[in-house]
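> Chain by chain, the residues:
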Amino acid sequence: MILSSIIQRIVLATVESGGLAQPETEPVISSDVVVATHHWWAGFILYLPLISLILCGLCAAMKVKSKLPAWITTVCLLGSFVLSLLLYFDYGGSPELIPLLSWINLADPGGNFSGLSANFTFYIDSLSLLWIMFVTGLGTLITFYASEYMESDLGKGYTRFFAGVSVFLFAMVALVLADNLLMLYLGWEGVGFASYWLIGYYYQRPAAVAAAKKAFIMNRIGDLGLALAIYLIWTTFGTIQYDELMDVIQSGSWKESYDGWTIDAIPWFLMLAAFGKSAQIPLYVWLPDAMEGPTPVSALIHAATMVTAGIYLVARTYEFFLLSPESLHVVAWVGGVTALLAATIGLAQHDIKRIMAYSTVSQLGYMFLGLGVLSTYGAAYHVFTHAFFKAVLFLTCGAIMHGFAGQLDLRKLSGLIRIPGWRITSIAMLIGCLALAGFPLTSGYFSKDAILAEAFITQGPGFEALGWMAIFTAFLTAYYTFRVWFRVCAGKVEYEPGDEHHGDDDHGHHSEAFHPHAPRFAMNFVMAVIAIGALAASVPYFMDTKADEALAGGWVADMVHDSTAQGGLPGLDRHGQSMGDIVEHGHAGHQGEGDHAHPTLFGMDVHTAMYVISGVVGGLGLLLAAWLHLFRRQDADRLKAFLQRHWWIAWLPRAMEHKWYVDEIYQGLIRAPLWIASHLMYAFDRFLIDGLLVDGIARIPRMVARWFQPLHNGIVQSYAVTMAGGVALIALLMILFLQFWKIGGGG
Amino acid sequence: MIWGWILLLLPIAGGLVVVGSSARAAKSIALLTTLATFGASIAAAIEFDVWGTGDFGLVSSIPWLPEVGINLSIGADSVAMMLVLLTTLLMPLAVLGSWTAVGERLKEYYGWLLLIESAMIGVFLARDLVFFYICFEFTLVPMYFLIAIYGGSGRARACVKFFLYTFTGSLIALVGFLFVAWSYAETTGSWSFQIATLCEYASESLTLREQVWVLTALVIGFAVKIPLFPVHTWLPLAHTEAPTAGSVILAGVLLKLGTYGIFRFVLPMTPEAVVEWAPVLGILAIIGILYAGLICWVQTDVKKLVAYSSVSHLGFCVLGLFALNPMGLQGAVLYMINHGLSTGALFFLVGMMYERYHTRDMNAIGGLAKRMPVWAFFMVFFVLASVGLPGLNGFVSEFLCLIGTFAAGDSGSYPGVMGPWFAAFAALGMVIAAMYLLIMVGKIVFGSLKEPATDDHHGLPADLSAREITVLVPLAVLCVLLGVQPWIAMDAMVGSVNETLAAYPEIVKDAMQQVADAGSSVLSGGVNP
Amino acid sequence: MILLASAFGQLALAHYLLLSGVLFVIGLVGFLSRRNLIVMFLCTELMFQAAAIAFVAVGRYYYDFSGQVFVIFILTVAAAEAALALALVVLLFRRKPTLNAEDWRDLSE
Amino acid sequence: MTSNHLWFLIPEAILLVGVVFTAITGLVRSTSIRQSTPVIAAIFVVASGVASVFVFSPDHLDTTAFLMPALGRWVGVITAAVGLVLILNSIGRVDRRLEQAIAAGRLRFDPLRAGRGEYYAFMLLSLAGLMLVCTANDLIWLFLALELTSLPTYVLVAMSRTNRLAQEAAMKYFFLGAMSAAIFLYGFALLYAATGTIEFDRMRYELQSQAANGGLGALAIGGLLLSLFGIGYKLAAAPLHLYAADVYEGASAPVTAFLGFVPKAAGVLAIMVLLVATGLSELMSSLPYPILIMLWVVAVLTMTLGNIGALLQRSVKRMLAYSSIAHSGYLLIGIIAGPGLGYTAVLFYLLAYGVGNTAAFSVLSSLERRGEELTSLEDLAGLRQRHPLMASVLAISSGSLLGFPPLLGFWGKLLLFIAGIQTGHLVLVIIAAVNSAISGWYYLKLVAVPIMASPTARSESVERGPSNWPRFAGVIMVIACLVLPVFLGWLVAESRDSARTAQAVRADSAQAEADAVQPSDDSGLFTALPPLKTALQSPAKR
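Residue numbers (numbering that gives the first Met the number 0), protein chains in the order written: chain A, 0 to 746; chain B, 0 to 528; chain C, 0 to 108; chain D, 0 to 541.
Derived from the structure by calculation, the hints contain no laboratory data.
C-beta: ideal position from N, C-alpha, C; glycine also.
A portion of the hints provided could be inaccurate.
Listed below are several chain D residues computed to face chain A (Cβ distance under 10 Å; list not exhaustive) [to be verified]: (1) Lys171; (2) Ser179; (3) Ile182; (4) Gly221; (5) Leu224; (6) Ala237; (7) Asp245; (8) Tyr288; (9) Asn306; (10) Ile307; (11) Trp440; (12) Val504.
Could you put together the complete structure from these sequences and hints?
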């Protein structure tokens with residue numbers, strides 16, 4: 000009976016769970032959200048990675064030693080990508096709900112609370128479509144790349160790796176397509192877990208294990224923020240489903256029982272979550288360490304997709320930030336400072352993968368800056384372009400690592416472009432570097448401009464300074480990016496192999512006879528494709544928008560426009576004027592011929608000015624890098640020696656090299672005190688609670704017994720005296736009692 | 000209905016057969032019995048036609064001591080039924096898990112296992128207070144012997160502490176129970192120990208002061224069992240010394256007797272006192288979560304770590320119970336089940352490791368993933384379930400407990416007496432849990448291989464045998480199932496939960512009103528506002 | 000004394016009771032203070048006889064014979080106890096030639 | 000005394016006949032007849048138990064002569080049952096060396112040296128004394144019954160072992176016993192002085208009228224107090240408990256078991272009878288305040304001193320001695336609770352305690368080490384390996400004494416607690432609960448040492464005793480611990496019927512006559528409640 004009812008429920012839930020997801024007491028569904036059960040096949044975007052995971056599990060169980068897992072995963076992910084594209088082309092322009100399975104549904108018959116429902120349902124709008132396409136697309140490509148990259152682990156961890164990738168894609172899809180915050184949370188923690196899995200892939204290396212652990216725990220702190228934000232949102236708005244949330248916020252019905260502090264708290268917690276996942280101050284330290292994982296993982300998870308989940312979250316929940324605008328200022332400042340800080344650290348590193356990692360942190364900072372200065376579009380566009388160019392950078396790093404037995408030190412590699420077989424790698428890397436440096440007309444150039452310009456347009460505390468800081472960061476970015484490229488790919492041919500064996504003996508060679516192991520088809524193909532993608536990522540900027548002609552930014556802006564993030568879109572009417580009141584945004588004047596003049600910079604329109612400034616700055620960085628690292632490499636050494644010689648400046652490179660001692664500060668301020676506290680607590684537990692309290696109380700009876708023991712001395716008279724005395728005592732006590740309380744005679 | 004009695008008596012009967020049979024057959028008979036009991040519980044669950052409602056099924060009653068209204072009265076609501084299912088599921092696994100670990104005095108061992116199964120089922124099926132108390136207490140005996148005979152080197156101290164501590168606690172609870180029963184007798188003129196009757200009576204007729212006393216007595220009794228800070232210190236000791244199956248049962252079911260007791264007695268009996276004291280208990284639970292979590296961090300004994308983690312985890316459960324809203328309560332009940340599954344499995348895994356290496360010292364062992372990949376997989380899996388990774392079971396219950404606590408603020412849509420601060424501090428436990436469990440995994444599962452020299456593997460393969468995998472797979476499957484489709488359990492329990500909570504909204508509102516009138520906070524209100 | 004007098008108004012009974020009380024206390028104090036086993040036993044006899052005096056006196060006071068009957072039984076029991084006590088003392092003396100009660104303290108904590 | 004009264008002495012008469020028989024058979028030259036002495040004693044004990052069921056059947060109840068008309072039925076039965084086991088426990092112990100010498104042909108039988116006959120005869124005498132307490136309807140009778148109970152036990156202690164410890168124990172027991180007898184005798188004298196009668200029935204009227212006229216007089220109170228203290232010696236109630244540990248240690252195990260049950264039961268019953276004689280009944284169950292205070296203090300002291308004293312002991316018998324002191328304390332809760340549920344619980348608890356305690360001593364009786372009794376806990380270490388049955392008997396009986404559910408002892412304690420709470424003595428019950436928890440510590444030792452400790456050289460040499468009967472007895476008692484809870488309803492109903500006071504019975508029958516249509520409501524007995532409940536309630540609410 001129970002079994003059949005369970006099966007019945009599952010089937011029902013699968014087939015028609017739209018009904019489950021919608022309690023009857025729900026507020027009016029906003030007209031433009033449709034339940035699209037005819038898109039049921041979209042579920043396979045989620046299921047295919049899962050199927051891949053299960054098949055990989057089978058492979059592991061059957062001890063498959065071929066590349067089968069890689070093909071399975073690639074095919075499944077390709078399927079997801081194709082389905083995402085289909086979904087995009089079939090997307091009708093208004094957000095859709097695609098119910099899959101029911102998950103948590105609480106309704107209170109007493110009507111004391113509004114019910115809590117969180118189901119496996121997709122919420123498809125343009126924002127999620129944008130994300131899902133590049134996630135699955137890059138996922139497919141990088142998996143294909145990894146099929147070659149990971150081949151040295153065939154029969155050992157190969158299957159495990161692809162299973163991990165499948166898990167990641169599964170979680171990421173859940174995160175992006177979720178229709179409620181709880182499912183998003185599932186994906187959120189899921190990607191964290193996948194990241195843990197893959198960073199710790201080389202589980203026998205203590206550094207990898209530690210890095211994995213660090214990543215998971217740091218992410219958990221962020222997750223804590225998300226969890227608290229979910230609680231707050233639910234208690235304040237009574238729902239955690241996006242569509243209902245939008246309705247509630249816009250209708251203002253939540254204000255009836257609002258008591259005045261939650262609105263301001265929600266964005267802070269969301270921020271904490273986003274900063275954790277997207278490696279911003281103060282939670283960024285895990286990302287550089289995460290480079291202990293295999294490079295495709297770094298490319299996919301720690302550059303292109305997962306780390307942008309924070310941006311996605313903020314974009315997705317932008318309405319909450321708009322309700323409390325101060326929070327956006329914080330977002331902007333944290334983003335800007337992180338960008339600068341990470342860039343300075345990047346300057347001083349020698350490990351190219353780490354440089355890329357810090358550059359990722361830095362670029363993520365840009366994205367948050369964009370979010371903070373009300374340019375969700377800029378942020379999203381930068382996410383989009385960054386996904387490509389950073390992926391290609393990491394993949395080329397991976398190729399180098401793969402070929403040079405784990406060598407990543409830029410001082411020990413040079414002139415790669417001249418080594419046969421490494422041309423594609425070098426060119427791909429160049430493209431990536433150009434885009435990252437914001438070289439004019441590359442994709443990074445446009446996306447970064449969209450953010451930088453907005454910093455000068457939007458009014459906020461110190462936003463202008465922030466803008467200049469970001470421009471300075473752009474200069475640093477260009478410098479350290481090309482430092483890598485000029486060192487590694489240009490110059491004369493020189494290399495030393497690394498000492499890494501991928502756990503394999505036939506691979507690394509320490510002898511003179513070491514030959515770099517050039518990438519073959521799969522890797523080259525993927526690098527080429529993504530490099531082209533990185534170039535082509537500037538195309539959407541010039542595409543026509545269908546929404547609003549005032550809207551600059553083309554296709555990506557279009558995608559953002561239809562989503563929950565539209566509040567941060569420049570030049571657009573925000574639904575509900577109430578919100579406009581609290582947002583001090585310069586663009587308010589954009590659309591009308593009102594009092595507001597266009598903000599200007601050096602007498603030009605800000606956007607135009609920014610094209611020039613960032614182009615110049617990027618070029619300067621590039622030139623500096625070329626000088627110090629291509630043409631006169633000895634000058635770089637001299638500069639370094641100079642810096643280190645003078646005490647008043649010597650701290651700077653050292654601090655930069657040691658990542659501003661942030662890890663050490665955390666260690667000293669948080670971990671060590673907690674560790675000591677834990678030991679104290681353990682001692683407290685053993686000696687005070689267990690020893691003194693529990694055992695002590697248990698000892699009392701024995702102690703008291705010892706007082707009475709002398710009475711049992713074996714002498715008859717003594718017994719008799721005690722007996723008589725005891726009787727007398729009790730009688731006395733009784734009399735006293737009776738006298739004292741004046742309770743007389745009989746009952 | 001007959002199924003209840005079958006469930007109760009089948010394990011005892013099997014135990015008698017085991018004791019009467021030869022030592023060689025003991026294992027098989029025990030396994031068959033536990034499997035049969037599991038089958039019977041499934042049958043009972045199918046027969047059980049009140050899922051989702053607040054009613055009792057499998058109801059049956061035999062008069063025992065009519066003078067004072069004591070009956071052998073059994074029956075289960077859906078929450079109890081689920082816990083029965085958990086018990087009967089864990090028992091065959093416990094038997095399988097002890098297959099090679101226990102080598103001597105087999106008949107006794109399996110006899111005790113079967114006896115404790117009956118006692119645990121009895122606790123959940125009891126509808127009579129005295130019968131409940133008997134079973135509740137009786138669980139101590141088999142566990143005492145399991146630790147005392149089959150335990151580790153420090154077992155003598157551990158089992159005595161375990162026994163006396165919990166025995167003392169439950170005696171205090173007994174006095175509370177008797178007080179309620181007497182009060183009932185005085186009011187109505189006849190004695191009754193029917194739980195439902197007493198709950199109804201107590202909630203309506205006891206004064207606040209009396210309720211507070213009853214609450215104190217009951218909570219002392221149950222808190223020791225849960226265990227709640229600061230009466231938790233017996234648990235790490237008992238867990239460390241208990242044999243694997245003992246730990247599994249202890250963590251899987253016995254600890255739940257405490258939370259079940261709170262669910263079954265404290266909440267319905269003393270609602271007004273609960274509303275007044277829930278913040279205090281909530282704070283204790285939170286202290287437990289954080290304190291035990293941090294202590295886990297510095298453990299080197301894996302089993303002790305998992306034991307302290309139980310203290311930490313059950314704090315969430317208690318928090319959910321005293322959130323006094325459907326989210327929290329459903330979360331708490333789910334937590335009971337989920338913690339049984341995942342922590343039970345963790346103890347199995349630690350036991351499997353111990354059986355091979357004869358040590359639980361994290362510093363002596365490392366990188367076992369290389370030697371035992373399958374074991375490592377399960378270890379990581381259950382650690383994640385325990386950490387509360389969404390998609391696995393632990394998450395749902397933890398989330399519900401916390402959101403319940405969070406929403407229980409005076410500003411929430413469901414009035415309650417805790418609130419955001421409670422939830423925020425408790426949620427820190429999520430981070431701490433990740434910290435200590437992953438550190439543990441990082442040490443023993445990952446890293447470079449480090450094995451203590453041992454010459455005795457009990458003839459076990461390097462990695463898990465098919466039998467051991469069989470033990471773990473059902474738990475893993477349930478972890479996923481309850482993580483992805485938790486509504487199976489939630490829909491089933493919703494009636495019981497709402498029944499339990501029926502009286503609360505009014506009381507909470509009144510209390511809020513009073514506090515607002517007095518202009519003081521709930522906490523400072525105390526007993527005598 | 001005054002209490003007793005006021006309770007019963009008959010000085011005679013009070014005197015008897017007083018006597019018996021004094022006797023009882025003498026017996027008790029003797030029992031507590033003496034070390035010789037035989038003397039101790041005699042002290043218990045004294046206490047018995049104190050009770051007997053009280054019974055007789057009260058019986059006379061109420062014109063009730065049961066008090067006197069009781070005394071006969073008391074004497075009988077006392078005789079039985081005496082037999083037992085002397086046998087015991089002899090037994091003990093055989094083991095250890097002393098009558099001092101304090102010498103018997105092998106059983107103690 | 001009516002002629003009818005003799006009818007109720009049939010069980011005791013049977014025992015006295017048994018005394019004659021055993022005294023004779025114990026002196027017979029034929030070994031086989033001598034060996035059958037315990038069997039004869041057992042037969043008579045069983046016969047008296049059976050007889051008491053018939054004698055005190057409802058048809059014959061005499062509500063005019065007795066304060067608690069049916070008390071004899073329950074007491075007779077449990078006396079017979081426990082007495083039977085006590086006799087079985089002794090088999091093989093008495094005259095052991097002498098009999099061995101005779102069997103080996105080293106000695107010829109000499110009636111002057113044989114103690115077997117007296118031993119069983121004295122046991123039967125003491126049991127008869129216990130039964131007589133129940134039928135006491137005046138002070139003489141009560142005095143004689145108590146003396147009959149205790150005098151033989153002095154002798155039993157002295158002759159139970161041949162070493163000087165036994166004699167020292169007997170000396171202490173006897174001298175202190177004599178003192179206590181004098182004390183309660185003097186108390187009786189004062190009671191007589193206060194009421195002018197020795198008959199309980201009349202005494203009750205006297206005291207009730209005194210109580211109605213402004214409280215009991217000082218003489219009555221003083222008499223009651225002295226009586227209770229004196230009788231408290233039989234219970235080993237604090238502060239008159241000091242002898243217990245020494246005496247129990249000095250006597251042989253079967254005799255210790257005897258001391259643990261018979262005088263204690265006699266004392267408790269005597270206290271019940273005396274208190275009912277002050278006018279207590281189910282209808283009016285509040286004690287005079289001074290007595291209440293005294294009993295309260297004594298109960299708390301007794302259970303606490305007993306339990307904590309036991310914690311320090313290494314000797315099993317001393318430990319059980321202290322445990323028996325503690326049990327007296329628990330019994331006093333029932334006494335304080337008064338007629339009705341309180342006395343019911345006391346009677347039930349006597350059974351539970353008797354069964355558990357006797358079973359524990361059976362273990363000690365059935366084992367020996369080099370011909371000597373087991374003394375310390377070390378002797379029991381690892382007992383389970385060589386004597387698993389005895390180890391489990393010890394474990395289960397300890398569990399029952401601890402009051403662990405679902406064993407018999409638990410129900411006894413539960414009823415006592417219920418009775419205590421019912422009469423408003425919540426604090427007392429809490430103290431008792433804490434004491435139960437403390438007692439867990441040492442009872443657990445009795446479970447743990449045989450099962451967990453590894454055997455030592457001392458415990459390796461532990462062997463079976465000379466006879467298997469004590470083992471049998473222990474097993475029977477343990478089975479009783481396990482099985483009797485099944486018949487709980489019946490047992491409690493029986494003990495309740497036995498505990499009823501004549502006043503209640505009369506009132507009931509009057510009630511039954513008054514409204515013959517509707518049968519009287521038995522549960523009225525459980526609803527007679529004291530006024531303390533209202534005192535507990537806070538005036539704040541309601």
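> When the hints from earlier in the document are held up against this structure, which numbers fail?
Result: hint 12 breaks, nothing else.
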